[in-house]
Amino acid sequence: MKIYLHTIALEPARWTAQRVSQNLIDLLPVIAEAGFPEVEVFEPHLTSETTSGDIRDAFARNGVAPVILSSYLNMNPAVTSDAQVDALADQIAERIAFYGFQKVRLFPGAGMKPGDAEGIRILRERIQRVAARIPGTDILLETHDGSVADDPQVLVQLVRYLGNPRVGLLFQPTYFKDVDLIREQFQLEKPYIRHIHLQNRNPDASFAGMEEGIVPWPEILREIAEGVESTLEFVPVGICGVEGFDLAKTVDQVKSEAAYVRRLCPGG
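In this note's numbering, each residue carries its 1-based index in the sequence shown increased by 153.
Watch out, some of these pointers could steer you wrong.
Claimed, not checked - Here are the simulated DSS-like cross-link-like pairs (lysine-lysine), alpha carbons at most 25 Å apart as the crow flies:
1. Lys155 to Lys343
2. Lys343 to Lys330
3. Lys155 to Lys408
4. Lys343 to Lys402
5. Lys155 to Lys266
6. Lys402 to Lys155
Claimed, not checked - Beta-carbon label-pair distances, calculated as ranges:
7. Ala236 to Asp333: 16 to 22 Å
8. Glu379 to Asp333: 36 to 42 Å
9. Lys402 to Asp210: 26 to 32 Å
Just so you know, the hints here were simulated from the structure itself, not pulled from any lab data.
Because the structure is a prediction, the values reported are computed rather than measured.
Positions of the beta carbon are idealized from the N, C-alpha and C atoms, including for glycine.
Using the sequences provided together with the hints, build the complete structure.
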């Protein structure tokens, strides 16, 4: 199994109003030296400009391929209009073409309730319109909480309805409270999983190492379909404030966590 590194793992401002404290151009040689030739890119790391020749050159110079664009396009009809979604989808398409992304991560309706039938109808239409703008790109709907993914059955029904081989699931446990619920979610979503986000938590949702947390990764990775790839998304030492962030220590833990996953998937 291939393991990409998510640039969000190296961004302590990820969940603050600041969003970005690390310069992607400066991070890329560190990522390359750590042994990750492919990355998933936290969209705010691409700057406010749609494209940047300097960033594209840095990818090439460091031998790092930007494979997945982790986008924050909000397709919730209570938040964005059709015109806004279309304009942002055009921006995504431009970034994909400029940087060479092969896949895009989207939330399946951030802030939407699984019982919102009319909202889900509009969400389906919006996903189809986005897919039409990026026909050669895989769309990965992340099984993240606070979205339609809160009910795995509803999310699976959405993907089935779309019937688009380019649209699948980016699996992570939606909730980390109960290992049996994680197993149940995985079994339901397994046929539609196209990518995995690697992270682990404790039952109180605090971050844990891949080997120590509640998610039964050895079981899941044994059962995952051949060809499914993964991204190391977070490591515990990198979950901190900007002032307390230590890039070297975070990268060291990234390498050790990736090594653990590779031991579980020796053919990867």
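Taking the hints in turn, this is what the structure says about them:
1. A hinted pair counts as satisfied when its Cα atoms are at most 25 Å apart, and lysine 155 with lysine 343 qualifies at roughly 18 Å.
2. Restraint check for lysine 343 and lysine 330: satisfied, since their Cα atoms lie roughly 20 Å apart, inside the 25 Å limit.
3. For the given pair, lysine 155 sits about 14 Å from lysine 408 by alpha-carbon distance, which is consistent with the 25 Å threshold.
4. At most 25 Å may separate the alpha-carbon atoms for a hinted pair to count; lysine 343 and lysine 402 exceed this at roughly 34 Å.
5. Restraint check for lysine 155 and lysine 266: not satisfied, since their Cα atoms lie roughly 33 Å apart, outside the 25 Å limit.
6. Of the supplied pair hints, the one linking lysine 402 and lysine 155 holds, its CA atoms being roughly 23 Å apart against a limit of 25 Å.
7. One distance hint, 16 to 22 Å for the beta-carbon pair alanine 236 and aspartate 333, is violated here, with the actual separation near 44 Å.
8. The beta-carbon spacing between glutamate 379 and aspartate 333, approximately 26 Å, falls outside the hinted interval of 36 to 42 Å.
9. For the pair lysine 402 and aspartate 210, the beta carbons lie near 29 Å from each other, so the given range of 26 to 32 Å is met.
The structure is inconsistent with the numbered hints 4, 5, 7 and 8, although it conforms to all the rest.
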